[in-house]
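Protein chains: 2
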Amino acid sequence: MKLYNYFRSSASYRVRIALQLKGLPYDYLPVHIAKGDHRKDDYAAVSANMLVPMLETDEGERLSQSMAIIEYLDEKHPTPALLPADAVGRARVRALAQSIACEIHPLNNLRVLKYLVRELKIDEEAKNTWYQHWVREGLEAFERQLSQLPPSTYCYGDTPTLADCCLVPQIFNGRRFKVNFDGLPRTMAAFEACMALEAFQKAQPSACPDNEP
Amino acid sequence: MKLYNYFRSSASYRVRIALQLKGLPYDYLPVHIAKGDHRKDDYAAVSANMLVPMLETDEGERLSQSMAIIEYLDEKHPTPALLPADAVGRARVRALAQSIACEIHPLNNLRVLKYLVRELKIDEEAKNTWYQHWVREGLEAFERQLSQLPPSTYCYGDTPTLADCCLVPQIFNGRRFKVNFDGLPRTMAAFEACMALEAFQKAQPSACPDNEP
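In the order they appear, the protein sequences are chains W and Z. Residue numbers for the first sequence follow the working numbering, so the first one is 1 and each next one is one higher. Residue numbers for the second sequence follow the working numbering, so the first one is 1 and each next one is one higher.
It is worth saying that the hints were derived from the structure and are not from the lab. Please note: incorrect hints may appear among the correct ones.
Note that identical chains are pooled: a pair holds if it fits in a single copy or bridges any two copies.
To be verified - The calculated lysine-lysine pairs, modelled on DSSO-like cross-linking and capped at a C-alpha distance of 27 Å, are: (1) K121 to K178; (2) K40 to K76; (3) K2 to K202; (4) K127 to K22; (5) K114 to K202; (6) K127 to K114; (7) K40 to K114; (8) K35 to K114; (9) K22 to K121; (10) K114 to K178; (11) K22 to K2; (12) K2 to K35; (13) K22 to K114; (14) K178 to K40.
Using the sequences and the hints given, assemble the complete structure.
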C-alpha cells in the first residue's frame with residue numbers, strides 16, 4: 001500500500017496510527033501541504049479531493065478521508081479490531097471519532113486558518129484564540145461523553161479504537177497551539193495510555209520521513 | 001425510538017432521511033438550536049455533547065453524531081442498505097459522506113457563524129462570502145470525486161446511500177445562502193434523484209413539526 005501523507009496533518013496521523021496498530025507495511029509518499037503541493041497538477045491527477053491522507057491499495061484503489069480509510073483497513077485486516085463487536089459500541093466509538101473529526105479539526109486546518117488571515121484579516125492573536133476556542137470547547141464535549149462511559153484504559157474499552165486514532169493527533173495539534181488541557185481527566189488519560197504504545201509513537205509527526213524539526 | 005431534532009439542522013435532516021428510507025417510526029422531540037435550547041440544563045442532562053441530532057433507542061441508548069447514528073441504524077435494520085456490500089464501495093460512500101460532514105458543514109454551522117459575527121466582528125456580506133466559499137469549494141471537490149465513479153442515479157450506485165443522506169441537507173443549506181450550484185452536474189443530478197423520492201421529501205425541513213416558514 002501507498003500512503004500519501006504530510007507529517008503535520010492530523011488526519012494523516014490518524015491513518016498512520018491505524019496502519020501501525022495493525023502492523024501493515026506501507027510506502028510513505030510525502031505531500032507538502034504547507035507549500036501547497038496538494039494543489040499542484042501531479043497530485044490533483046491522483047487525488048480527486050486534493051487532500052491528504054490518501055491510501056492507494058495494492059489493487060490500485062485510491063481511498064480518501066481518514067475515518068473511511070481506517071474503517072476500510074479494519075474490514076480488510078480485522079485484527080486487532082479498531083471498532084467494538086457490538087452495534088452500540090461501534091456507534092459510541094464512531095461518535096467519539098466524529099466529535100473530533102467533524103466538530104474540532106475542520107475549524108482548525110490550514111486552509112481555514114489561511115482564510116481567516118488572508119480574507120478576514122485577523123491577527124495572530126485572534127487566530128490563536130479561534131484555534132484554542134474550538135479545541136477546548138470540543139474537548140470539553142468529548143470529556144463529557146467519556147465521563148458517561150464505564151472506566152476504560154483508552155477512549156472506549158481496554159484496546160485502542162478509531163476514537164483514539166482521532167484523539168491523539170488532535171492533542172498533538174492542540175499542544176502546538178498551546179491549548180489548555182486542564183480538567184480533561186479521561187481524555188488526557190486515554191491520550192497518555194496511547195502514547196505509551198509503540199504504534200502511536202512510531203506514527204507521530206517527529207517519526208515521519210518528511211518531519212521538519 | 002426518539003429523535004432529538006431541529007428542523008433546520010443539516011445533521012438532523014441526514015438522520016431523518018435514513019429513518020424514512022428504512023421506514024422506521026420515531027418520536028420527534030424538537031430542540032430549538034437558534035434559541036439556544038441545546039445549551040439549557042434539561043437538554044444537557046440527556047445529551048453529553050449538547051448537539052442535535054440525538055437518537056434514543058428503544059433500549060434507552062442515547063446516540064450522537066449523525067453519521068454514527070445512520071451506520072447504527074443500517075446495522076440494526078439492514079434493509080434497504082445505506083452502504084454498499086463491498087469494502088471499497090463502503091469506503092467510497094463513507095468518503096463522500098465525510099467530504100460533506102468533515103469538510104463543508106462544520107465551517108458553516110450556527111455556532112461558527114455566530115463566532116464570526118460576535119468575536120471577529122465580520123459583517124453580513126463577509127459572513128455570506130465565507131459560507132458560500134466553503135460550500136462551493138467543498139462541492140467542487142465532491143463533484144470531482146463523483147466524476148471518477150461509474151455513472152449512477154444517486155451519489156454512488158442506483159440506490160440512496162449514506163452519501164445522499166449527507167448531500168441533500170447540504171444542498172438545502174446552500175440554497176438558503178444562495179450558493180451557486182452551476183457546473184456540478186453529477187452532484188445536482190443525485191440531489192434531484194433523491195428529491196424525487198418520498199423519503200427525502202417527508203424528511204425535509206418544511207415537513208418537520210417545528211418548521212418555521
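Outcome of the hint check:
1. Both within a single protomer and between protomers do K121 and K178 lie at most 27 Å apart by alpha-carbon distance, with minima of 22 Å and 24 Å respectively.
2. Taking the shortest alpha-carbon separations for K40 and K76, neither the intra-copy value of 31 Å nor the inter-copy value of 43 Å comes in at or below 27 Å.
3. Proximity of K2 to K202 under the C-alpha cut-off of 27 Å is restricted to the intra-copy arrangement: shortest distance 17 Å within a copy versus 43 Å between copies.
4. For a Cα distance limit of 27 Å, the shortest separation of K127 from K22 qualifies neither inside one copy, at 37 Å, nor across copies, at 44 Å.
5. Taking CA atoms no more than 27 Å apart as the test, K114 paired with K202 passes in neither setting, with 30 Å inside one copy and 40 Å between copies.
6. Taking CA atoms no more than 27 Å apart as the test, K127 paired with K114 passes in both settings, with 9 Å inside one copy and 16 Å between copies.
7. In this assembly of identical chains, the alpha carbons of K40 and K114 lie at most 27 Å apart only when taken from the same copy (18 Å versus 34 Å across copies).
8. Within a single copy, K35 and K114 get their C-alpha atoms as close as 12 Å, which meets the 27 Å cut-off; across copies the closest is 31 Å, which misses it.
9. Proximity of K22 to K121 under the C-alpha cut-off of 27 Å is found in neither arrangement, the shortest distances being 44 Å within a copy and 47 Å between copies.
10. For the homomeric pair K114 and K178, the shortest alpha-carbon distances inside one copy (19 Å) and between copies (24 Å) are both at most 27 Å.
11. Within a single copy, K22 and K2 get their C-alpha atoms as close as 15 Å, which meets the 27 Å cut-off; across copies the closest is 37 Å, which misses it.
12. For a Cα distance limit of 27 Å, the shortest separation of K2 from K35 inside one copy, 21 Å, qualifies, whereas the shortest one across copies, 48 Å, does not.
13. With identical chains, the CA atoms of K22 and K114 are never at most 27 Å apart, being 35 Å at best within one copy and 42 Å at best between copies.
14. When the C-alpha separation of K178 and K40 is checked against a cutoff of 27 Å, the pair qualifies neither within a copy, at 32 Å, nor between copies, at 30 Å.
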